[in-house]
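Asks: Based on these hints, arrange chain B on the given structure of chain A.
Line by line, the protein sequences are chains A and B. Residue numbering for the first sequence follows full-length UniProt numbering, beginning at 1 and increasing consecutively. Residue numbering for the second sequence follows full-length UniProt numbering, beginning at 1 and increasing consecutively.
In case anyone wonders, no lab produced these hints; they're calculated from the structure. A quick note: this is a predicted structure, and the numbers were derived from the prediction, not measured. Incorrect hints may appear among the rest.
Pairs of lysine-lysine, BS3-like flavour, derived with a Cα cap of 30 Å [to be verified]:
(1) B:Lys160 x A:Lys22
(2) B:Lys111 x A:Lys22
(3) A:Lys43 x A:Lys92
(4) B:Lys67 x B:Lys145
(5) A:Lys92 x A:Lys138
(6) A:Lys131 x A:Lys29
(7) B:Lys111 x B:Lys74
(8) A:Lys43 x A:Lys86
(9) B:Lys160 x B:Lys145
(10) A:Lys131 x A:Lys43
(11) B:Lys67 x A:Lys22
(12) A:Lys22 x B:Lys74
(13) A:Lys84 x B:Lys74
(14) B:Lys74 x A:Lys43
(15) A:Lys22 x A:Lys92
(16) A:Lys133 x A:Lys84
(17) A:Lys43 x A:Lys84
(18) B:Lys111 x B:Lys160
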Amino acid sequence: MGMITDSQFHVLAVDDSIIDRKLIERLLKTSSYQVTAVDSGNKALEFLGLLNEDEQTNSQVIQVNLIITDYCMPGMTGYDLLRKIKESASLKDIPVVIMSSENIPSRINRCLEEGAEEFFLKPVQLADVNKLKPHLMKGISKEIKEPNNINNKRKGLEEIDSADRTRTRLNDTIDINNDGLPDLEIV
Amino acid sequence: MERNQQLRRQLASMRQSLFDQGHLDEQFILLEELQDDANPNFVEEVVTLHYRDSARLITTIERALEKSPLDFNKLDGYMHQFKGSSTSIGAQKVKAESTQLENIARQEMEKAQLHLLELMHSFQVKTLSKNNNNLICMNPSRCMKTFQLLKRDYATLRRKLEAYFQLARQAGPNEIACRPK
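The shape of chain A in the complex, shown without the other chains (with noise of 0.2 Å):
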């Protein structure tokens, strides 16, 4: 991808949440990460498009080493933006991590089955960001190969909400859920 400057890894957040995305900088930022914040999913299409454009003309002016999204957002999810970024061919190898608040295990499964490279559970911590620095250091030099540590990524995977958010589907058409899959049609 071209030489970075000294340690200066960009990454760019996403999330629909004023507070989050300022937290998530703030935490970035104490890891002397360069941030780039936006609100949702087409907002960082829109960044990374780009970027796109720059690697074209060669002249690298942006450049994101990790993008870190939430899960939960209005429109896009974090999981859709996931995909697209998987199914481009200039963006697909770009490290990417999921923060979600709520703990439903097929969830992250899900992700972590998509490409994501790890799934944080809100509200994220310092040790989670300490977390990133592998896989930063993976995009760098593609030679070096990480295990496949799927265990270590979840957290608290056992805790099952007692709430039972997860949702049988009860025929085709109805399935409601958290995660962007269509609701009852009601006509």
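Replies: For chain B alone, kept in the frame of chain A given last:
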């Protein structure tokens, strides 16, 4: 000098009682740790953002609760936002109450879901006309009660934090004295 020390002590005890009374949890400490000379007002900035967010959400939720029947899908969304915001600043009580409300909304949605299915089976229709009366709210008062608690605790926290930051400004920088063990 003497006065300043007094202020600092007052400040520390104010802060401690916020934790002791369960208004704040350890997330607030993380915010304090992120504050430094380069970001001297970080905590207050984040908390102020939370007030803005919360005030807006409370108004929206109030309006939503006045509707009949209740739109639990929307309520769930609002509570989720509220919970997220409170969690991020360590507002413990408010977080607990918004979680409760979120659960109530989800339980109600589940019941409505089941109810609709029963109707569909009994009338053998594939689609339903937009008839919100089919969504029967089992427990409107439960929602209201919890929401009133949430509003009350949010107001209390806000009042106490505003007093705290005001005192902090009087005491001058370095007001983040000791941390609870």
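Asks: None of the hints should be skipped; say for each whether it holds.
Replies: Verification of the hints:
{"no.": "1", "hint": "B:Lys160 x A:Lys22", "result": "23 Å, holds"}
{"no.": "2", "hint": "B:Lys111 x A:Lys22", "result": "38 Å, violated"}
{"no.": "3", "hint": "A:Lys43 x A:Lys92", "result": "17 Å, holds"}
{"no.": "4", "hint": "B:Lys67 x B:Lys145", "result": "16 Å, holds"}
{"no.": "5", "hint": "A:Lys92 x A:Lys138", "result": "13 Å, holds"}
{"no.": "6", "hint": "A:Lys131 x A:Lys29", "result": "14 Å, holds"}
{"no.": "7", "hint": "B:Lys111 x B:Lys74", "result": "16 Å, holds"}
{"no.": "8", "hint": "A:Lys43 x A:Lys86", "result": "17 Å, holds"}
{"no.": "9", "hint": "B:Lys160 x B:Lys145", "result": "23 Å, holds"}
{"no.": "10", "hint": "A:Lys131 x A:Lys43", "result": "25 Å, holds"}
{"no.": "11", "hint": "B:Lys67 x A:Lys22", "result": "34 Å, violated"}
{"no.": "12", "hint": "A:Lys22 x B:Lys74", "result": "25 Å, holds"}
{"no.": "13", "hint": "A:Lys84 x B:Lys74", "result": "27 Å, holds"}
{"no.": "14", "hint": "B:Lys74 x A:Lys43", "result": "24 Å, holds"}
{"no.": "15", "hint": "A:Lys22 x A:Lys92", "result": "26 Å, holds"}
{"no.": "16", "hint": "A:Lys133 x A:Lys84", "result": "23 Å, holds"}
{"no.": "17", "hint": "A:Lys43 x A:Lys84", "result": "13 Å, holds"}
{"no.": "18", "hint": "B:Lys111 x B:Lys160", "result": "39 Å, violated"}
The structure shown violates the earlier hints numbered 2, 11 and 18.
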